[in-house]
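Sequences listed follow chains X and P, in order. According to the numbering used here, the first sequence holds residues 64 to 423 in order. According to the numbering used here, the second sequence holds residues 64 to 423 in order.
A hint or two may mislead.
Repeated chains share a single entry, so a pair holds when one copy, or any two copies, can fit it.
Each computed SDA-like pair below joins lysine to any residue, with the alpha-carbon atoms no more than 25 Å apart [claimed, not checked]: (1) Lys355 - Asn292; (2) Lys407 - Tyr362; (3) Lys202 - Glu246; (4) Lys357 - Ile416.
Quick caveat, the hints were computed from the structure, so don't treat them as lab data. These numbers were taken from a predicted model, which means no experiment stands behind them.
Number of protein chains: 2
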Amino acid sequence: MSKSNNYCVIMAGGIGSRFWPMSTQKYPKQFQDILGTGRTMIQQTFDRISKIVAPENIFVITNKEYISLTEEQLPQLQSANIVGEPMMKNTAACNIFMAKKIAHINPDANIIVLPADHLILKENTFLEKVQLAFNLAAKNDYLITLGIEPTRPDTGFGYIQFVEKKNSEYFKVKTFTEKPDLEIAKTFLESGDFLWNAGIFIWNVQSILSAFTEHLPEMTQNFDSCDYNTENEIGCINVIYPKVNKISIDNGILEKAQNVYVIPSDLGWSDLGTWTSVFENAEKDSFNNAVKSKHIVTYNSTGNVIKLKNENKAAVIDGLENYIIVDTDTALLICPRDNDQLIKDYIQDLKTIKKGEKFL
Amino acid sequence: MSKSNNYCVIMAGGIGSRFWPMSTQKYPKQFQDILGTGRTMIQQTFDRISKIVAPENIFVITNKEYISLTEEQLPQLQSANIVGEPMMKNTAACNIFMAKKIAHINPDANIIVLPADHLILKENTFLEKVQLAFNLAAKNDYLITLGIEPTRPDTGFGYIQFVEKKNSEYFKVKTFTEKPDLEIAKTFLESGDFLWNAGIFIWNVQSILSAFTEHLPEMTQNFDSCDYNTENEIGCINVIYPKVNKISIDNGILEKAQNVYVIPSDLGWSDLGTWTSVFENAEKDSFNNAVKSKHIVTYNSTGNVIKLKNENKAAVIDGLENYIIVDTDTALLICPRDNDQLIKDYIQDLKTIKKGEKFL
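Please work from the sequences and hints to get the whole structure.
Below you can see the structure in the form of structure tokens.
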């Protein structure tokens, strides 16, 4: 049965520091119900892909610190399918690690790689595009990405420039550009031949391993030295991880490879990368506040995102417009929504000025 | 030894709802270290008066719900000196109750009555004025108050108009006016013969009991029916309390009595009745924020009062000017300082709209 060649890797290793104080090193964003829908981000990601990939073929790769959180939240996964990285090494390392493991199980595997913490509203379109990508990857030596039609000149995303846009559901990629400045982002948007890189990749395991051999030979050599899915795996991974480069799969492979293809996909997608994007994607009350907690009263307040981690806590908010108000047991954040990119700086200040490591 | 005729009654029965969410029904303002000085308000009140009144002569009268909090915070007091009221009945009832008890112990007692939750910065002046008042009360049938020179036309205080201000340390009171409107408060301030009523009273126990007999005969009759400082006291008090009027000592006695005197006293006094008065009396950081917690970073923020009940909690505050930010385990309040009189309304809304009784 051909379906069993299709695998999924959910990448769940990030810390989500832009979502402080809701997201912390101990309890990052992907393990939280940021939008208040009743399921955490990683659960939503799993639910979505499990419609098309069998649970025994779904893997999660995360920091070893988060293995027990993953087990708790995804009891459908066998423990062998939850893989811990000994340290953060960006996305190239975890992709070759998972490709090696899956190739050992099934050398014909097609793999979809999904970030654990993105929002996708149009699930049917998503599943349709993924099926198309699996079919393409099974038959061609293609590295495939899903590309999102950009709606604003966002400088926080990678942009994919494609060629020959005619009567096809997919296009060859010309260039990858990570996080352009605002002027360049504007010209990208106007030109009409750029898509956002959503970080969703589909490839046959042999295609991606070949690409690693070609473009990241040193990293590949390190990973070649381990025996996967044996009791020696962990020990070997612990030895090689400190040696490998911190590089993203985008920079390390996709910007260099000549066989990258993009499927334009209207997914209702958001990376939920900032509180503002949460605000935009969340349900709003009649005063245009994104509030999920039950015991909140607002006055003269609009355009705020208000999150209390403790659902049983009360709040009274008077006279705030376009603010982020996030409260947890250990920290309180109040800042203008326009400053949501400064949250990493706040954390840095808290760390250095106030010796507040424990809150982060 | 004459000093042993001097007694103190600390009134500690209030709920302090204007200090929500820091002050709650379970844990009211007087039992909290609102200014972050290291001692709660009732402890400060006790510390201050115990320089001039022996601990065995100091009584606390409070709601019976707060007896154990009082015992905890004032271990110097014998348990007989902590008196519980079965319900809130305003200040007339608790004053006659305590006068009856103390008269039974010492019929020559002079009593100073102190609110448990006021700030007094000039302790030496306070003690000096109290000594003067005790001396006057011991020799004269006077009901004496300490009066504060008003600094603004505050509509939240009672005003005392006095007569014959010449070369004396005390004056006869002409009228008591509770909470005037703003226009009247302004004329009071301009006239120069009004003082604020600080709620600090000194009288001989026989003087106050005579005044009760004359001006509140029905209440007096009720309290006459109990045997004080016996095992029957509690039972009798439980029977009469539901019957007595809810009336303040100001309305019930002082506005009617002809033998009221005031000692103008520059005490560095604040009733700490609102968050704004806390702001005004608290130490400020270099950005003019009243912040006591250790782990708070502020940006573009001035004139705020920021209180986190959990001292180990962190906070980042960006872009707030003249706000009240108060966080406890059960509730968060963010509102403009100018709206500090609305806190009772917020609580009401939380109760009715959000069914939030448990947060109050």
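Here's how the hints hold up against the structure:
no.	hint	verdict
1	Lys355 - Asn292	neither (43 Å within a copy, 54 Å between copies)
2	Lys407 - Tyr362	between (29 Å within a copy, 14 Å between copies)
3	Lys202 - Glu246	neither (39 Å within a copy, 87 Å between copies)
4	Lys357 - Ile416	between (35 Å within a copy, 10 Å between copies)
Checked against the numbered hints listed earlier, the structure breaks hints 1, 3; every other hint is satisfied.
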